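S.K.: Here is what each chain is made of, one letter per residue.
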Amino acid sequence: EAQVTQNPRYLITVTGKKLTVTCSQNMNHEYMSWYRQDPGLGLRQIYYSMNVEVTDKGDVPEGYKVSRKEKRNFPLILESPSPNQTSLYFCASRRDPLYGYTFGSGTRLTVV
Amino acid sequence: GQQLNQSPQSMFIQEGEDVSMNCTSSSIFNTWLWYKQDPGEGPVLLIALYKAGELTSNGRLTAQFGITRKDSFLNISASIPSDVGIYFCAGPPRGSGNTGKLIFGQGTTLQVKP
Numbered sequence: 001e002a003q004v005t006q007n008p009r010y011l012i013t014v015t016g017k018k019l020t021v022t023c024s025q026n027m028n029h030e031y032m033s034w035y036r037q038d039p040g041l042g043l044r045q046i047y048y049s050m051n052v053e054v055t056d057k058g059d060v061p062e063g064y065k066v067s068r069k070e071k072r073n074f075p076l077i078l079e080s081p082s083p084n085q086t087s088l089y090f091c092a093s094r095r096d097p098l099y100g101y102t103f104g105s106g107t108r109l110t111v112v
Numbered sequence: 001g002q003q004l005n006q007s008p009q010s011m012f013i014q015e016g017e018d019v020s021m022n023c024t025s026s027s028i029f030n031t032w033l034w035y036k037q038d039p040g041e042g043p044v045l046l047i048a049l050y051k052a053g054e055l056t057s058n059g060r061l062t063a064q065f066g067i068t069r070k071d072s073f074l075n076i077s078a079s080i081p082s083d084v085g086i087y088f089c090a091g092p093p094r095g096s097g098n099t100g101k102l103i104f105g106q107g108t109t110l111q112v113k114p
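If you read the protein sequences in the order shown, they are chains D and A. Position 49 of the first sequence, counted from 1, bears residue number 49 in my numbering, the numbering being contiguous throughout. Position 15 of the second sequence, counted from 1, bears residue number 15 in my numbering, the numbering being contiguous throughout.
Keep in mind that the hints were calculated from the coordinates and are not lab data. Since this is a predicted model, take the numbers as computed values, not measurements. One should not assume that every hint holds.
To be clear about the criterion: a stretch of chain A counts as covered by chain D if any three or more of its residues have a C-beta under 8 Å from a C-beta of chain D, and this derived list gives those stretches [what the hints assert, rightly or not]:
(1) 39 to 50
(2) 62 to 73
(3) 86 to 94
(4) 101 to 109
Quick reminder that beta carbons are idealized off the backbone N, C-alpha and C, glycines included.
Generate the whole structure from the sequences, applying the supplied hints.
M.R.: Below, the structure written as structure tokens:
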């Protein structure tokens, strides 16, 4: 089944403790992206990648890092999480810019 | 930066009613996408629009690419309880070219009363 898989689905962590949310897609898509969703703000793009080793900032990149060492994987790294990063995170992929992204099921992160 | 503004923010309707929502921007877009998010899930693409004036249907859903290229509309006919969810418009900002950049509106939350 074609899908975007992200893990974990739920995560509670403490301020300052580094964490990684994994994302993998099995559709051989060139483009991948991370979004966060907050009530009333819609989906805001954190980072995106156009191919292996090619990444760029979205609208809200502060406090996040990404890497794209392989085509199928695009992990999101929070080096020092803070409570304002409590949110619902989505990973997504697409085959080219003409098409919409296919989204994963989300990771609900709580930073206390 | 460029923004997409969706209206209304929320709707509470009776089953069987038709629904209309829109998405506007102060900037021109060359592509409009409409997504639906079911509770607890990621957004799913419903309709993609690529030309000004284009009208595209997907079952009971119909979306239009505004002729000014600054707006788009989504209509749902004869709503049913499973139409409940959040509807998002999205588009690549002007000048984003072939990058992965895609911005979303704030969403319209739809509730349907059986």
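S.K.: If a hint holds in the structure, say so; if it doesn't, say that too.
M.R.: Hint check results:
no.	hint	in the structure
1	39 to 50	holds (count 8)
2	62 to 73	violated (count 0)
3	86 to 94	holds (count 3)
4	101 to 109	holds (count 7)
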